[in-house]
Each structure stands twice: as C-alpha cells, then as structure tokens.
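Colleague: Residue-level listing of the chains:
There are 2 protein chains.
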Amino acid sequence: MREEILKAIQEIVGEEHASSAESIIHTHGKDQSDHERHLPDVVVWPENTEQVSQIVKYAAAHQVAITGWGAGSSLEGNSIPVKGGIVINFGRMNKILKVHEGDFQVTVQPGIFYKDMNKSLARHGLFFPPDPGANASIGGMVANNAAGTRTVKYGATRDNVLALEVVLPSGEVIRTGSRSIKQSAGYDLTHLIVGSEGTLGLVTEATLKLSPLPEHFSAVLATFETTEEAANAVYGVIGSGVGPAALELLDSEAIRFMNMRVTDLPEKPTLLMEFHGATAASINAELELVEEICEECGSVRFEAGAGRDERDRLWEGRHALGEILFSVYPESNYMITDVSVPISEFPVLAAYTNGLFDEMDIQGTLFGHAGDGNLHTTTFAPKDDAAKNADLHEFNSRVVQKAIELDGTCTGEHGVGIGKQKYMVYEHGEGAIETMKTVKKMFDPNNIFNPGKVISF
Amino acid sequence: MREEILKAIQEIVGEEHASSAESIIHTHGKDQSDHERHLPDVVVWPENTEQVSQIVKYAAAHQVAITGWGAGSSLEGNSIPVKGGIVINFGRMNKILKVHEGDFQVTVQPGIFYKDMNKSLARHGLFFPPDPGANASIGGMVANNAAGTRTVKYGATRDNVLALEVVLPSGEVIRTGSRSIKQSAGYDLTHLIVGSEGTLGLVTEATLKLSPLPEHFSAVLATFETTEEAANAVYGVIGSGVGPAALELLDSEAIRFMNMRVTDLPEKPTLLMEFHGATAASINAELELVEEICEECGSVRFEAGAGRDERDRLWEGRHALGEILFSVYPESNYMITDVSVPISEFPVLAAYTNGLFDEMDIQGTLFGHAGDGNLHTTTFAPKDDAAKNADLHEFNSRVVQKAIELDGTCTGEHGVGIGKQKYMVYEHGEGAIETMKTVKKMFDPNNIFNPGKVISF
Numbered sequence: 000m001r002e003e004i005l006k007a008i009q010e011i012v013g014e015e016h017a018s019s020a021e022s023i024i025h026t027h028g029k030d031q032s033d034h035e036r037h038l039p040d041v042v043v044w045p046e047n048t049e050q051v052s053q054i055v056k057y058a059a060a061h062q063v064a065i066t067g068w069g070a071g072s073s074l075e076g077n078s079i080p081v082k083g084g085i086v087i088n089f090g091r092m093n094k095i096l097k098v099h100e101g102d103f104q105v106t107v108q109p110g111i112f113y114k115d116m117n118k119s120l121a122r123h124g125l126f127f128p129p130d131p132g133a134n135a136s137i138g139g140m141v142a143n144n145a146a147g148t149r150t151v152k153y154g155a156t157r158d159n160v161l162a163l164e165v166v167l168p169s170g171e172v173i174r175t176g177s178r179s180i181k182q183s184a185g186y187d188l189t190h191l192i193v194g195s196e197g198t199l200g201l202v203t204e205a206t207l208k209l210s211p212l213p214e215h216f217s218a219v220l221a222t223f224e225t226t227e228e229a230a231n232a233v234y235g236v237i238g239s240g241v242g243p244a245a246l247e248l249l250d251s252e253a254i255r256f257m258n259m260r261v262t263d264l265p266e267k268p269t270l271l272m273e274f275h276g277a278t279a280a281s282i283n284a285e286l287e288l289v290e291e292i293c294e295e296c297g298s299v300r301f302e303a304g305a306g307r308d309e310r311d312r313l314w315e316g317r318h319a320l321g322e323i324l325f326s327v328y329p330e331s332n333y334m335i336t337d338v339s340v341p342i343s344e345f346p347v348l349a350a351y352t353n354g355l356f357d358e359m360d361i362q363g364t365l366f367g368h369a370g371d372g373n374l375h376t377t378t379f380a381p382k383d384d385a386a387k388n389a390d391l392h393e394f395n396s397r398v399v400q401k402a403i404e405l406d407g408t409c410t411g412e413h414g415v416g417i418g419k420q421k422y423m424v425y426e427h428g429e430g431a432i433e434t435m436k437t438v439k440k441m442f443d444p445n446n447i448f449n450p451g452k453v454i455s456f
Numbered sequence: 000m001r002e003e004i005l006k007a008i009q010e011i012v013g014e015e016h017a018s019s020a021e022s023i024i025h026t027h028g029k030d031q032s033d034h035e036r037h038l039p040d041v042v043v044w045p046e047n048t049e050q051v052s053q054i055v056k057y058a059a060a061h062q063v064a065i066t067g068w069g070a071g072s073s074l075e076g077n078s079i080p081v082k083g084g085i086v087i088n089f090g091r092m093n094k095i096l097k098v099h100e101g102d103f104q105v106t107v108q109p110g111i112f113y114k115d116m117n118k119s120l121a122r123h124g125l126f127f128p129p130d131p132g133a134n135a136s137i138g139g140m141v142a143n144n145a146a147g148t149r150t151v152k153y154g155a156t157r158d159n160v161l162a163l164e165v166v167l168p169s170g171e172v173i174r175t176g177s178r179s180i181k182q183s184a185g186y187d188l189t190h191l192i193v194g195s196e197g198t199l200g201l202v203t204e205a206t207l208k209l210s211p212l213p214e215h216f217s218a219v220l221a222t223f224e225t226t227e228e229a230a231n232a233v234y235g236v237i238g239s240g241v242g243p244a245a246l247e248l249l250d251s252e253a254i255r256f257m258n259m260r261v262t263d264l265p266e267k268p269t270l271l272m273e274f275h276g277a278t279a280a281s282i283n284a285e286l287e288l289v290e291e292i293c294e295e296c297g298s299v300r301f302e303a304g305a306g307r308d309e310r311d312r313l314w315e316g317r318h319a320l321g322e323i324l325f326s327v328y329p330e331s332n333y334m335i336t337d338v339s340v341p342i343s344e345f346p347v348l349a350a351y352t353n354g355l356f357d358e359m360d361i362q363g364t365l366f367g368h369a370g371d372g373n374l375h376t377t378t379f380a381p382k383d384d385a386a387k388n389a390d391l392h393e394f395n396s397r398v399v400q401k402a403i404e405l406d407g408t409c410t411g412e413h414g415v416g417i418g419k420q421k422y423m424v425y426e427h428g429e430g431a432i433e434t435m436k437t438v439k440k441m442f443d444p445n446n447i448f449n450p451g452k453v454i455s456f
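Protein chains in written order, with numbering that gives the first Met the number 0: chain A, 0 to 456; chain B, 0 to 456.
Chain A with its partners taken away, still in its complex shape (with noise of 0.2 Å):
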C-alpha cells in the first residue's frame, strides 16, 4: 500500500519530492507536544496548488488520509497523522507572492515561517502581529489559530486573516473572502477555514492583515509580591483603555528559569508589557497612568522605558522559557496548559492552579497572556515516575474543567488536536459538537483530511 501511494505521488510531483524513507517519515510523525508519535506513508513537498490538488484528488480517490504539515511545532498533535496516509509538507510553498504594501497587507504561501515572512516585511515597515512565540509556519498557524503575547493588542490568526485560497477535501480549489477589510458578502468561510486545523481544507495561500511596524515602543516590567496583585494590575491597565500591545504574567518560577540562562531579574511575580505608539509622547502619557495602576495594586517595582537591547532580552527570556526548562530537566516529561477564560476570572483561575500545584505536588511554572485571560502551565515529572506523569494529565484536566466553568476555553490558542477532543462537549454542548459534526461531514465526507483531529467520529 504505501508503494503505491508513493509511487502515485510521485507521479504528481516528480520522484524527488516524495520519500516512504525510515527518517523522513519519523520526523513527520510527532509534533513538539507529548502526543504519541504516528508515521505517516508517504511525505510529499508539493510545489503549487494544483499539485496539491491533484494529491487531494488521488487521496480522495483512494480513501488515504491527508495531513498537512508546517513547522512540527504544534502543542496538541495537531499535525500528527494519527491514520498514516500522506503527509503534505509545505516546505517548498514558502514564497511571498506580494506585498500590499499601502494596504498593509500580505499574499504568502502556507509555508513560510512566521520569523522568515517577518523580517522580510520589516523591510516595508510593516509586521504581522500574532507571535506564537514558536516559529511556526503560516499555514500552521492559520489551521491552529495561533496567537501569542501581541495578540492582546493585534488579534489572534483569525482576527489577521482576510482571504484564503483553500483545496477542500474534494480536489477543488476555492477562494473565499477578499481583499477588503469589511466584508459582508455571504457566509464567512474564511473563519471557519482558520482553526480547523486542516480538518475542512487544506490553505495553500493566505492574505494577511499587517500592522505598521510601531515608531515607537516602551517595553515595562511590573513586579509584585504576590499573583493576584499582579493580576488585578492587570485588570486596571486592560480597564483604563490604554492598550497594551502585550502583557505577560510570569510567576516567581517561570521568572526563575528565564533568569537561568537570559534575564536578572527580581524572583517574583512580574508583568511583562509592552506600548506601541505613533510618538513618544503619546507612549509617556500612557506609562504614567499604567504605573500608577501598578503602583496601586501593590506593584513593589516598576521599571519602564528599557531600550531596544534590554526589550529584546526580555522577549528572548520570554520566548526561552520552555525551552529552558526543558534543558533543565532533560529526563522529564512535559505537560503544557493552554486554558482561557474571561478576564475578570484570570486571577480565580491563576489562584486556583496556584493552589493544584501545592495540593498535587506538582512541579512546574505558571505564566501566560494575562491580558486576554490566557493562562499556560508547563508541568514536568521524572519519565520513569508513571503515578506522577498520570498527575500531570489529572493537573492538566482539572485546569481545564476549572476554566470552562469560568466561562473560558478548554484551548485559547494551541487548538484542539488530539488532546483536547475530550473537553470538547463539556464546553459547548452536544446541539454545538453535532453541528461541528456536520460541518465537518459535509466538507469531508471520507474523512480523509487531518482525520482524528477537533471532531473525531
């Protein structure tokens, strides 16, 4: 069987451009969350959407499953194809097509990597805002709806996203949405296309809304003594009006490992944020009152208008912290949280996993995009201590269950995947899972796309 799905890929794409081979197929097998590794049959590197589409079709044909791949870096098996089957790698589609640049706008391929597409855009003036913090590719950020620290200013994936050119399950190729910003023509299927993780549609071009890089920006650390102060300050900043272009809760711990290898700084509970403006004086006169809120709400020391070297640091201390910990305990297993809930509940919610991690004993750090209410663990237990890698997944649900009651989300931004299908008729209902059913059948009706993913039957 995978002989022959190889052979008929080739076909399509040229001998070279599709491999069965042991270490290509293991790579293709497991993206960066603890999800077991699938292999897949066949790994193909299309060159254009009409390849693509003729792989849907043959996939189609024979009943094969398709899953598309980026980057590898999603954080609930969102890429692992779980059915085998083919494996699309975007790696070749990874071209700019064209800057709009009086538009702020952007026509890529799906797989260019958020860094890649970044810098080449800096030299426009003009960046896309979601930072997944992870250099994910495009494509996979449009399927996950991905978002990160700038989203509470900018917007996730979706709220970037203006038009799509999508094969749908069947072979045919569509474009929806347009160039405009205000659309009202018709049913919304860009934004149902963004965040089903390739399950409705494969994305093979995407038009993105940019944002002018800011003239001017001031980078502020808010330090506490505990994390509810901390998160009340953040309530006060969100609540004057003035926005944030970023606000970054991170307990005493996460502070900890940044400090290990990037920062020094204070131990303690801290708000990271960050002000984007068109001058410095409009930026000045909203660090004054976004101080006095800290100050406020107990804030112990505030520090604002670092320069661009020490801004940088701290985001690379930010963006580090994963990957820290991980090199720190190199013989654990992880467990990374992506809950979200209402903002007014960020501080019940941050209490109450504070409290889980005493009551379970776990080990662990508790950070997150505070200013959406988006809340993240990253826990960790001994590979070989089986009881205390079950408490990591107990810990992980109980968080879960707990934001859903607080009217939140049991994903804010790592999606669905594999991992979260289990929470997903506790937060919406049966009526809403058997619609998502629907939709899913009547877009796919084989089953072939990204099979086992968001809504599995």
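Hints in this document: simulated from the structure, not taken from any laboratory. Honestly, I wouldn't trust all of these hints.
Repeated chains share a single entry, so a pair holds when one copy, or any two copies, can fit it.
[To be verified] DSS-like, lysine-lysine: derived pairs with alpha carbons at most 25 Å apart:
(1) Lys-114 / Lys-440
(2) Lys-6 / Lys-82
(3) Lys-152 / Lys-208
(4) Lys-382 / Lys-29
Following the hints, complete the assembly by docking chain B onto the known chain A.
Modeller: Using the frame of chain A, we list chain B on its own:
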C-alpha cells in the same frame, strides 16, 4: 393557510402575541431599501428562546418560511419575507441579560436596539462600538455583520461577538463560542452565523465585546480641494500607526446636505475624524502628527479639538445625511451603494465613482468610511422617470463591479440580502458559492430560514 399558521403560532405564544392584521403584515413586509414589499402571513412576538424553538419546529414540520425581524432598518432587503410565512419580531426579547462589567462584555437578547443598549451601558463606562448609524437591533446587526463609523478602530459586529445562542432550522438550540476573548476550540460556528442574515440560524442571545468609553476624545475636520487629496490623507493617517476611532470622507455634495439642517461647514471634500485615548496628552501627540499628514496632502483647513457639543453636532449631521436627502427630494427613488476595497484602491474607486456621476448624469452624493475603504453613494431620481431609475441601478452595478475588480467586495456592511446576490459568483467564484450553498443546505435542508437571501437555489 394563513389562518392555520396563525392559530398554531398563537397556541405557542398566546393570542395577543401573533397577528395577521393587514397593518401588521404591511409594516413587516419591507425594510429601508428600495426592494419590493412582500407580506408575511403571520408576525409573531415570542418571549423567550423556548418559544422561538417551538415556532421553528412548527415551521419545519409544515415547511413554512421564517424570517427574523429587528428594527427593519436593513438596506438590501435582508429582512423582507419574500416567501411569506412567519416573521419573528424580536421586540419582546429585548433585554440586557447581564453586563459582565469586569470583562467589558454584555449578554443581550436580539431585540434590543443598539442605541438603547449603549445608553444603558454608558452607566458602566462601556459601549458597543460598531455604529451603523441607524438604530438597528442587535439581532439585525449580528445577522448582517453591520458596521459603521467606529469600525476603523473597533471592528465590525463580527469582530465584537464572542458567543451566541442560536435556534437552528430544526428548532434545536445550540450555544456557540465562549466568553473567553481567545478561542481555538473547534470550528468557528459563531462567525459562520454572524453575517448569515438569518439563513442558517436565528440568534436568540448574543454576548458582545464592549470597549471602555474613551476618557478623552477629539473630533477633527480636515478640508481639501479635491476628493483625491482627501483620500491620500486617509492613507497617510492609517499608515502612520495612529489609530483613528473614525475616519469618514464626505464629498462637497454630502457637506451641502448636512449644512441644510445641522452643520455649517465649507462645502468641500472633508475628512471627519475622531481620536480616542486614555489621556489628553496621548491624543494631542497623535493630533500633531495627523495635522502634519493632512497638510502634506494639501488640506486647506484643519480644525481639531472640537468640544463635545460641536463633535456631537458633526456626527448628528453625518448620521442625518440620508434622512436630509430623502426629505429634500421626497418625490425621488433612492439607491444606496455599499462597496468596500483595499484602502490603496479607495482613491481609484472614489475617482471612478465621481466620474460616473458626471458620465451618467446621476444626482447624488459620495461618502464613506474611508479608513476602512468602505464607499457609499446615495443616488436619486424622480419616481416617474423610469429611464433614470434604471440608470441608478446601472450606476450601482458599475460601482460594485469596479470594487470587485479592485480586489474588494460587493458589500462592506449592508449584507447580501436580495440586491447583492447577482454579484456573488463574480466576487467569490463558483467554487466558494457552491460551498456556501452546501453550508446552507446542511443547516437548512428545507430552505425555511429567510429563503431567497444570500444564496438562492
């Protein structure tokens, strides 16, 4: 048939809450567009979701059409019951269910009117920003993805809906989304329902994102000799990273109409802008930059810092534009154009449209939410001049086609309704339209929800 439906519906809601009286069905047969009146058989005022569900179940069992009704202020025939049947007037489901003050959210029933809701929310220091001008119902705004003067900063309705309760064409009630700002948990049913004009589901509850009322604001008027200069200034302002809360273009004709009743402005192409900020200093810093940009683009007058009264009068004039025009020429037919393009194409579209006024000898005015690339015209012709009335349609059609050619859309904010269906394939292509049809058939296999709208078959 009508009697039978009435009797069945009255059994659900009580005799006094459903009617087939001539005056009642007459007023529910037409919106504010020039599309033909169609009378429903029965108008019903349900009190709660359960009653809506029961009405829908009756309609599903008897293959009766159902159309939702809010304020009747739609502009593309969106709420006209072209197949008769039942109109559900949400006038009794008009409550604010909960203000989530700490989260800047509100949960409301669909029948509440936009202005009434914002009046209540002002007591909490909050407002729902999409400002359609008309006092639309929230249900209508959600159905049509309404937008308006504040959209350039705060987004359209779609961008400000977090969660919905929806009655499906089967009568089943589902909940979509959550109160978390960030959501990646499965298919985005919320935004599929928003803008579907009541053809996929009837919204019985909506949770909306709110914004804090700006602590400080400033209205700005910039006057130019030509529309092109004004359009260039729009670019400059948006490109600077300054985020105006409104950026309206009004041609000299529009100003002339506004001056007839409300304002006293130079009758030249004018940008009406507003800036919101947390501090006066931050706004002043932005205004300096905006003045510079406008001067570079050739502004002949720049007036910032209007007081609250003057600002309110400017917006009163802006919103009264249509009404003034209609009352000055009461014996005319009107045609309102709503198209939207990428902002770089806005000057091109404006120039084309201006030229068309001359070329076709059409009376009317050009205005729009320029900051979004959204252009409107209101054109008019004597009711008894059939040829001229045909010209209005031809004018509209040419502007729409030009907008689509410029990578734009046939409707930025009024929706597809009846009038824009003929452009859907041209804008989206056959494939996307077939996909939309499949979505409609999946949700509403009997085609009972607002039949004849968005996608007809």
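Colleague: Of the hints given before, which are not true for this structure?
Modeller: 1
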